[in-house]
Every structure is written in C-alpha cells, then in structure tokens.
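The listed protein sequences derive, respectively, from chains A and B.
For the first sequence, counting from 1, position 59 maps to 59 in the UniProt record's numbering; every step adds exactly one.
For the second sequence, counting from 1, position 91 maps to 91 in the UniProt record's numbering; every step adds exactly one.
FYI, nobody ran anything at the bench for these hints, they're computed from the structure.
Everything numeric in this text was worked out from a predicted model, so none of it was measured.
Ideal Cβ placement from N, Cα and C applies to all residues, glycine included.
There could be a bad hint or two in this list.
[What the hints assert, rightly or not] Which residues of chain B face chain A? A partial, calculated answer using Cβ under 8 Å:
{"#": "1", "residue": "Cys384"}
{"#": "2", "residue": "Gly406"}
{"#": "3", "residue": "Asp408"}
{"#": "4", "residue": "Ile418"}
{"#": "5", "residue": "Met422"}
{"#": "6", "residue": "Phe433"}
{"#": "7", "residue": "Gly436"}
{"#": "8", "residue": "Val458"}
{"#": "9", "residue": "Pro493"}
{"#": "10", "residue": "Ser494"}
[What the hints assert, rightly or not] Simulated coverage check for chain A against chain B, where a stretch passes if three residues somewhere in it have a Cβ under 8 Å from a Cβ of chain B:
{"#": "11", "segment": "106-120"}
{"#": "12", "segment": "190-202"}
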Amino acid sequence: MKIALFATCIVDAMYPRTAQATVSLLERLGHEVVFPAGQACCGQMHVNSGYFKEAHAVVANHVEAFDTDDYDVAVAPSGSCVASVKHQHEMVARRCGDAGLEARAAKVGAKTYELSQLLTDVLGITNAAEQLGSYFPHKVTYHPSCHGMRLLRLEDRQLNLLASVGGIQMVELPQADQCCGFGGTFSMKNADVSSAMNADKAANICGTGAELCSGGDASCLLHIGGGLSRQGSEVGTLHFAEILASTFANPVTVTGDVKLAGSKR
Amino acid sequence: MSSNTFLGMPSLPVFGHGNLNATEPFPKAAHRELGNEQLRANLGHATHTIRDKRLKVVAELPDWEQMRDAGSAIKNATMANLPALLDQFEANFTARGGIIHWARDAQEANEIVTALIRETGETEVVKVKSMATQEIGLNEYLEEQGIAAFETDLAELIVQLDHDKPSHILVPAIHKNRSQVREIFLREMPVVDPNLTDEPARLAEAARTHLRKKFLSAKVAVSGANFGLADTGTLTVVESEGNGRMCLTLPETLITVMGIEKLLPTWQDLEVFMQLLPRSSTGERMNPYTSLWTGVTPGDGPQNVHLVMLDNGRTAALADEYGRTALNCIRCSACMNVCPVYERTGGHAYGSTYPGPIGAILSPLMTGIKSEENSSLPYASSLCGACFDACPVKINIPEILVHLRGEDVDSKRSKVKIPTQMDLMMKGAEWAFSKGSHLGLLEKGLPLGKLAAGRAKVIKRLPGIAGGWTQSRDIPAPPSQSFRQWWDKDHQPSAAVVPGTGTSNSSEGEQA
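Bound conformation, chain A alone (with noise of 0.2 Å):
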C-alpha cells in the first residue's frame, strides 16, 4: 500500500521523532511511505482560535497537498490533527464561501486516518510484540487525547496497540478521560484555568508510578511534559509511535530529565 503521511505541523518542528517512528513502523509492514512535501498544518489553531480567513488558506494548502491519486490513504501521528482534516476543513471552505475547496477537503478527509486506526482497522495490526517487533521494557500510563477519543472515537486502539508491546506494564490512569487543559490557544486565553487542569492530569500521572505518560497527539503531550518538568518531576510523555517503533535491537531513547528504568542518566 503507499501511504501518505501527514507529519503536521508541531510533530515536524518539534517531535521528528514520532514522525520517523511511524515511518519506520508502516515501512516494517513492507508499505511504501511518501511525504508530500508542499504540507504543513491542518489549520485547527487558526480555526479554534476564530481565526476563519486566516484559515482558508491554511486549509487550501494541506488540501493541494494531499489531493492527488499518488497515494491510497493519508496517516498522522495525531488525533485532533485528523480529527481537523475530518471535521473542520470543509466547515472552513463553506464558512468562506469556497464550494471546489469544501468538495475536494471532503475528499482528503475521507481518505485520512488516526495513526491507531489505520494500524488496528486496515492493517489489521492486534499484537505489536509479534507483528511489528515491538519491545518498550517500561511502566507506562496512557492518556487518551479528547479528539481522538470523542471526534474521532478511537476507543481503545491506541491503548490497545500499547498494550501489547513486549515488556511492556501499562497501569491505568485514574481519569483518564479528563481533558488535560491544552485546548490550543486555549491554554494562554486562560493559562489560570488550563494550569489547574494541567495540575490535576500531572498529580494522577505521577499517583500511577509510571516512568512515561504515552498518548497519540504531540500537543497534549507537550503539554502534560512541560507541566511535569516544571514541577521537576521524572516522568516524560512519549507519543505511542515511538513505543510502537521501539524494538530489542534498537530501542527508543527518551529526552529531558525523564528517567528510564535502567537507564544510566
């Protein structure tokens, strides 16, 4: 199968890493990966911020990019990000009265998925130790991101996927539906109210013992990691790609003041 993939915007600037990982996880499972290289961002910061026209030609772009046949499905490494390509880009066309836009935004909506879902749902993935090689020997706890849980209805895939990794302790999060308090612009709007959310998630990540909070959007989890480091505290986030892509061989290295079980830092 050729799969686009849909780095967007903050995994390409700040987390290549997760990029690379869901690369190197399709590439395993002997699909051809191609990069669109005219993308850049789905548009959703612009788009919950108000910002409309601004948006367009945001929208316009990532649309240029990935309407063509060069490929069968787009992949991201993010819930909301997908879950903006799905939902709001042909709101955006329409809201700014362009029909051809909303018609071929329809069109690329259609064909992109959740990283979990074109894992679980099209590639049939159910057990990653045996089918991809993953190997995570860590306690991790996972937090499921609101748009890939309530737009999207991921459910359990991404948890799942996690789970079975080889040599991998999931323990649960308490409230783990809650919304972490990022919400984009959000979180400078009201920093005061996004803060005490941000608090709440980082207390009970840490009340799990866990090493790693793991999740599928970059956003969230930047944003629970850059709560956690300013308390000081040990536990990192990681995106589940990288856990995923992380094998015996070649495991995934974790950045920050995030301490590993076994690790010499």
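Let chain A serve as the given structure and place chain B on it in line with the hints.
Showing chain B alone in chain A's frame:
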C-alpha cells in the same frame, strides 16, 4: 400588553438584557474563583457525584442514543416552525382561560409581572425556581417596586437568604457545603432552632418550617416552565421537592414566565423529554413531581392564570444559522457537570445566569457577540467535547463555541486599528502554514531554539501572550533538525521486518 402582538419573526433580532452579561472578562473572573479552595472542593465533589449518577442511569437505557436523536429532532422541528407553534400555543392556552403577554426583553417582562401583581393588591409572592426570572432579574426588580419575592426551592432559598447568586442551573447552591448552609439559616431565618445542626434532614426541616407559612398565606405565585405544549396549550413544571406543586396549586393568581423556545409541538413529545431530562439533570430515572396545567379549571387551583412569553435575545439566537440549536437546551445542566472548566471555576466566573458550556454559547448568542464581556465566554473552553457527549438534545457546543469565536474575531477585525498579539500570531502562522516551503524555511531556525533552551534543555519563559504557557509549563528544547529535513537528507526506506524476530533496521534518526 395584549396578545397577538408577536407575529412571527421580528424583522430585526432583539438582543437580550438583564442577567445575561458577564461583568468582567472570563479569564479575570476565573482567576479569582480558582483561588477559592473551598469552592473547588465543593464543586469537584458535587459535579463528580452527579456525573457518576447520570452515567449509571443513562447506561440502563438501551435506546439512549436514539432518544437523544429524537429529542434533538423534536427541538429542531420546533425551532424551524416556531412562529406557527407560538400562534397555536397561544390560541389553545387562551381558549382554556389563560392570558398571554408578550415581552420583547427583560425590562418589558419585569414591568408586565409587576403590573399583574399590583392588580391583585398583594406585596408578597412565592416563587418556583425559574431560570427565566433569574435571567430577567425579576426578584431584584420586584424588590425595587416594593414587592417581596420568596424563593421556595431549597437551594434557591439558600442562595437568596445569603444574598448570593446561583452558580449552577440545577443546583444553584452547588458552591456551598452543608456547614455553610447551616450558618446561613442561623443568620438569616427569622425563626430558627438555635441548636440547628448541619445534618441534611435537619436543614431540610428548618427550610420546610420556614416555607410552610409562605405557601399557606401567598395569594400570588410566580413560576417558570420547563415545557409548553402547543397542541393543547399546556404548561409543565418538572421538580424534585414539591414546593413547585404547592406554588402552582395553592395561590389564586399564577404568573408564569417562559422563554419562547420552550415549546414542544405535541403532548406526545413530552414522552421523550420526561426520559431525557431527569436522567440528564439529577441522574434519576424519574423526577418526583411533574405538574401540568392548561389554563383555568373553575374551582380548582389558581383562577387567574397568566403567561409572559419572553424573547430577550431568543429571536437573535434563532437568527444565527450556526448557533440556533443552542435554543434546543432544556436546562438540564449535564454539560456543566462534565465540564473541566466549570468544575474548576464554578458558575460565577461566567457572570451570566447561564453558566458552563451552554452559557458560554447561549449568553453571547442572546446578547450578541459584540457585548464586550460576553465576547470572552466562547473562549472559556478547551473544546474537549465532554459537553456534546453529555447533552441530551445533542447540541454541538464545541462547534458553536468555535463559530462564536469566529464571529468575535470578525467583529473586531473591522474596528481594531492596532492588531493584537493574537492577531499578529495568527497572521504569522497563516504565512508559515500556508506553504510547505515556508514551514521548511522557519524550521531552519530550530538550532537557535535549541541554543536558547541552553543546558537545561527546556525553555522556561516566553514573552507576551505566550507567557501564559510558561507560567506553569516548560517547553522542551527543539530538535536540531525537523522531520522534513531528515526526510530530505537522511531517510533511507527500511526493509520490512520479519514478524516475530523483534528486530528491525529502521533508521531512528538523530538522538537528542
């Protein structure tokens, strides 16, 4: 104020007044409320209790989702045909001896109610808890006119005695715990047992004793209504304590204030809502008291039955193509009980009578987004979507929040001469994100970010509005190269893995 003055949609939408406006921007109010530890503890406990109860009783119904669809469809049909349904309701209500008055806004509604009370010669009225009368500030208005209004709902009574404002649609005193309630009763009730404890049963007994005299002596009652049934002209009040039934049956004159959106087309439609409402609001299968009345029944119950039909911004909301489904709201409060923002700030932070997620859309829809302080309400959400999942009539609150943010940005576009920091940030991001080559160019600066982060490998302070982020969060040092750069320079397609061996030759790229 005769009937039939309202015929269909007004040519210009009427914006609402009264207690619909925040008095300060949400972030400022939220900052203050967040500092109240007691409030947060009370709220956290109460919202989680109701939340769990609701989930339990909702799970009992195999057709809950279909029921939500039915509720949403009935309400959409009502809004699509509102002028005709209002006419039909008026004809039926009037034919059964009721009298209808139309009020464009809070001021008109307050004047109508005052005039009706004056006609009776009374200076005291009992009240059933009502959001519409909170919205128009009726109690305060009556007080100015020398008329005392006594709230009879327990929680509403607590709030009134404490000279406070309700902070929740269903549980107005959710922000107070029982020891606080005890203190209020001891301080404010004219006759009260000085040995009153904070046991719920003792508190309820004190309230009952206090209210009984009012019920038996009152000649006039003021109520709201949960539903108006167009095909029969019937009004409905759904409640838990029985105080509503006392008010609705004992006095001689009954004055109801109801928003024009509260109609249901037929009596049969009530079936759906009597299942949706109690489960969503109190987490009960059925509420204890449902009162229905149709005009006047000679010799039984109030003999003077009035209804004030309130617009106060509802036609403005109805005129908003994207926002009008907010009028489907049946005031169950399920959205606020699941909202992580409401849970931490409480209802007072929203300013308006309608707090929480529904208030964040309903208030600005009714007052207009140009209303200065209410324009901050659509941003009081992380868009987590829990409210949409909980809403029994499927109001897509997150989508309407985003729509209203767009309205706010557009309304300020024309008038602001100096762009705000947010405007500049969005403009810059538009450039960066509208071409892959632009983002690629910016990513060449990543090593600078890494340099700025220094040895600690984190960025601890950002300037301007981004500083909100770094008040409680670090930003990790950016990588030396972006994914795009790695893909262009270093990506070599990896060979397929042999399943089960646990090895691969994938290129993991640069390790920080």
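Tested hints:
no.	hint	in the structure
1	Cys384	4 Å, holds
2	Gly406	4 Å, holds
3	Asp408	6 Å, holds
4	Ile418	17 Å, violated
5	Met422	7 Å, holds
6	Phe433	4 Å, holds
7	Gly436	4 Å, holds
8	Val458	6 Å, holds
9	Pro493	6 Å, holds
10	Ser494	5 Å, holds
11	106-120	violated (count 0)
12	190-202	holds (count 10)
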